[in-house]
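Based on the sequences and whatever the hints tell you, model everything.
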Amino acid sequence: MIKLHPNSQQLSEFAQGQCDSGVALIIAAHTDMCRQCKQKLTLIEAELAREAMAEKSSPDPAFDTMLANILQMPAASGIEVSYKQKKLELDGKEFVLPRSLQRYADKINGWSHLPGKLWQARVDLGIDGRADFTYMEKGGSVPEHTHRGTELTLVLDGEFSDGIRNYDTGDFIERSCDHVHTPHTEADEGCLVFSILDKPLHFTSGIARLLNPFSQLFFK
Amino acid sequence: MLVGIQLETRQTQRPSGPEIANEMSTYLQTVASERCKASFAEIFHYFAPRVRSYALKQMKNEAQAMELVQETLANVWQKAHLFNAEKGSPSTWIFTIARNIRYDMLRKQQKRKEDICSEDMWPVLCEQTASDAEVSLDHQVTLEQVGQLFSGLPVKQKAVIEAIYVEGKSQQEVADELGIPLGTVKSRTRLALQRLREMLEKDD
Ligand SMILES: [Zn+2]
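Line by line, the protein sequences are chains A and B. Here the first sequence stands for residues 11 to 230, where the numbers follow the working numbering. Here the second sequence stands for residues 11 to 214, where the numbers follow the working numbering.
Hints in this document: simulated from the structure, not taken from any laboratory. Some clues are possibly wrong.
[Said to hold, decoys possible] Here are some of the chain A residues that sit facing chain B, going by a computed Cβ distance under 8 Å:
hint, residue
1, Gly-27
2, Ala-62
3, Met-63
4, Glu-65
5, Leu-77
6, Ala-85
7, Ala-86
From the three backbone atoms N, C-alpha and C, an ideal C-beta is built for every residue, glycine too.
Right under this line is the structure:
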């Protein structure tokens with residue numbers, strides 16, 4: 011069951027189109043998976059529309075020309091584009107992605123196998139920061155780390171724990187520099203997440219500390 | 011004497027709330043089914059000044075605001091068949107179209123190339139497919155690779171890096187421990203990092 015959702019402020023900014031693109035995308039993916047947030051969003055949009063459409067600007071002579079121009083335009087074809095569901099593939103496994111992320115299933119730059127039974131595929135969104143699909147096999151874990159910025163994670167399939175609590179499919183997780191955590195999974199089917207990171211990770215233990223001087227390189 | 015005086019009664023006694031929503035829904039359905047220009051004109055006269063008021067708050071200048079109004083209302087005319095009264099009111103639908111177009115306009119104005127479009131996130135006019143921007147295959151550096159590169163460093167540089175980045179010692183502590191000047195520790199660190207960086211870049 012989904013327990014963690016974007017807060018009202020985040021949903022409202024999303025509905026207004028005011029969030030950073032990466033943040034907006036992961037919120038959109040959550041609302042694809044979460045009925046509750048989808049309903050909330052519908053209400054927020056109706057309220058925003060009521061406010062935005064309450065005021066009208068003064069009449070403008072340019073409107074007449076605009077109307078005439080628009081009426082010259084043909085109707086859109088109305089032909090439904092057949093919607094082919096794309097799956098994310100990894101090592102013989104297939105994952106169905108939420109609608110918002112579908113288009114990125116084949117825009118990954120290949121999977122990299124990382125130590126700790128981890129697989130990671132970066133998604134090139136052209137945003138500041140980075141976006142990745144990460145798959146943890148059963149018994150997999152990420153070295154303990156904290157964040158310089160904010161990490162948003164959406165659990166797409168399976169469940170995991172980070173030493174702070176457990177997370178289930180659909181959960182929307184926000185982590186910032188206050189948290190030191192060690193994500194791991196014991197689920198048989200492993201766990202697939204999508205995450206957006208606005209600053210490099212800061213590794214805090216063991217050999218992984220070596221990575222800190224290079225986190226900019228990881229991050230490029 | 012009354013000749014030439016415009017009758018404004020229709021304007022001032024405009025219905026509001028649910029009534030206007032019902033009226034506009036009917037117009038939208040007529041536009042969808044019959045391409046009725048008179049119905050569209052009603053929709054246009056009601057919504058264009060409202061979308062413009064929203065656009066003026068959102069866009070940098072008058073011209074962009076008008077572009078947003080034009081794009082929004084053109085979509086209403088061309089895609090009226092996508093309006094579904096069961097899902098929401100006409101003003102919510104038109105607001106969401108304007109919001110999406112605004113988002114895409116601002117995205118295009120930005121210098122950086124973001125490959126996310128409004129319909130990915132807010133499917134209002136589900137016909138659009140984004141242009142397939144070329145995805146560059148950029149190199150992934152993994153923990154394993156860094157480990158390998160690290161083992162390729164000269165022994166003296168490796169010792170310094172290990173003490174500082176793995177054991178967490180300060181440069182002064184390393185200098186004292188190895189019995190070498192602090193300046194040497196600093197230069198070894200710098201050289202080692204530079205070398206690792208070069209190796210990573212050469213790998214690309
Ligand atoms: Zn939710």
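Now the hints, each set against the structure:
1. Gly-27: Since the shortest Cβ distance to chain B is 4 Å, the answer is holds.
2. Ala-62: 4 Å, holds
3. Met-63: 4 Å, holds
4. Glu-65: 4 Å, holds
5. Leu-77: Holds. Min distance 5 Å.
6. Ala-85: Constraint on Ala-85 of chain A satisfied, holds at 6 Å.
7. Ala-86: 4 Å, holds
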